[in-house]
Amino acid sequence: MNVFPLFFNLTGKAVTVVGGGTVAERKVRLLLRAGALVTVVAPEQTSWLRASAQAGALTSLFTVFAAEHVREAWLVVAATGRPEINRIVAQAADALRLPCNVVDDGQLSTVQVPAMIDRSPLMVAVSSAGSAPVLARRVREWIESELPESVGDLAGLLARQRNAIKQAFPDVHTRRHFFDYLLDGTIPDLLAQGQQAEALAAFEAALQSQTPQQHIQVTILPIADLEAVDLLTLRALRKLNQADWVLYLPLILPAVLEKARRDARLMALDQAGVVLLDTLLAPDFWKPLCRSWVPGERIVIAWKAAWDAQPLMSLLQQEGLSCELV
30 MNVFPLFFNL TGKAVTVVGG GTVAERKVRL LLRAGALVTV VAPEQTSWLR ASAQAGALTS
90 LFTVFAAEHV REAWLVVAAT GRPEINRIVA QAADALRLPC NVVDDGQLST VQVPAMIDRS
150 PLMVAVSSAG SAPVLARRVR EWIESELPES VGDLAGLLAR QRNAIKQAFP DVHTRRHFFD
210 YLLDGTIPDL LAQGQQAEAL AAFEAALQSQ TPQQHIQVTI LPIADLEAVD LLTLRALRKL
270 NQADWVLYLP LILPAVLEKA RRDARLMALD QAGVVLLDTL LAPDFWKPLC RSWVPGERIV
330 IAWKAAWDAQ PLMSLLQQEG LSCELV
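According to this note's numbering, the residues represented by the sequence shown are 30 to 355, in order.
Be careful, since some hints might not be right.
Stated by the list, open to error - DSS-like mimics (lysine-lysine), calculated; alpha carbons at most 30 Å apart, straight line:
#1 333 / 316
#2 288 / 316
#3 56 / 42
#4 195 / 288
None of these hints come from the bench; they were simulated from the model.
Taking the hints into account, I'd like the entire structure generated from these sequences.
Right, here's the structure in full:
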């Protein structure tokens, strides 16, 4: 990972954009949408930039760049189209430890503006770390084609009801189940059809019923030794992403385990790299684990594809656990 993905709250924050052409204008439009207080520094500026300054939407300084122009900024953007000036801007920002985006120059930039999908309050960003911006745009287009406009309405509904959900489901595991229940239900489809009132009614009904149950759910996921992550089914990937615990055998590739949630607990089912099937099918092996799991948690066991999973399912069901094989 060459760059660290980060979302920057610029509402009410000063941003200096150096450059007055069409490229600078595009950056300014984005920054204004984010609520930034933009100052444009350039001797010549587009008619839109001049008109926006006259309307009070931004500040225009019709002058050449000087280091003093970035002293109060939270973010600096160099968009002059002239490499020698962009370098001076980047150096001035770097001297003050200010993040600086130099348009079309990943080497000089300390921050980069990704390809974006705006479904506010949901935002999706795609970056190639400056190495292949056209590819990043293609990936953005692919995601955008799969992401309905109504997902922004869904995100907004969940944001507005966040406190109500927390009060109804104080336990984090149960709350996570409730979110999954909502997203798998009728509410997304209702919003996609523009039925806002019906979606809200469905949400309130779900909240009142408190449908998610407090039980431990175990998913057994057969995976071949050294199986590539792109061979996993969408359902398998989803189970990994939802898991609170991931128990795995040797030869499971790290890339597979990385599909688990960042806060999921990972546990290797081996002793000094040795795994015996008889050991894993012994009730005494699982009893302490089962007692350590909390009601509401989701467990994924990355099982060896060459082994029959049915005996393990039967063993765990005898411990009173709900099991499924994916």
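Okay, the hints, checked on the actual structure:
no.: 1; hint: 333 / 316; verdict: holds (21 Å)
no.: 2; hint: 288 / 316; verdict: holds (27 Å)
no.: 3; hint: 56 / 42; verdict: holds (15 Å)
no.: 4; hint: 195 / 288; verdict: holds (26 Å)
Against the hints set out earlier in the document, no violation occurs for any number.
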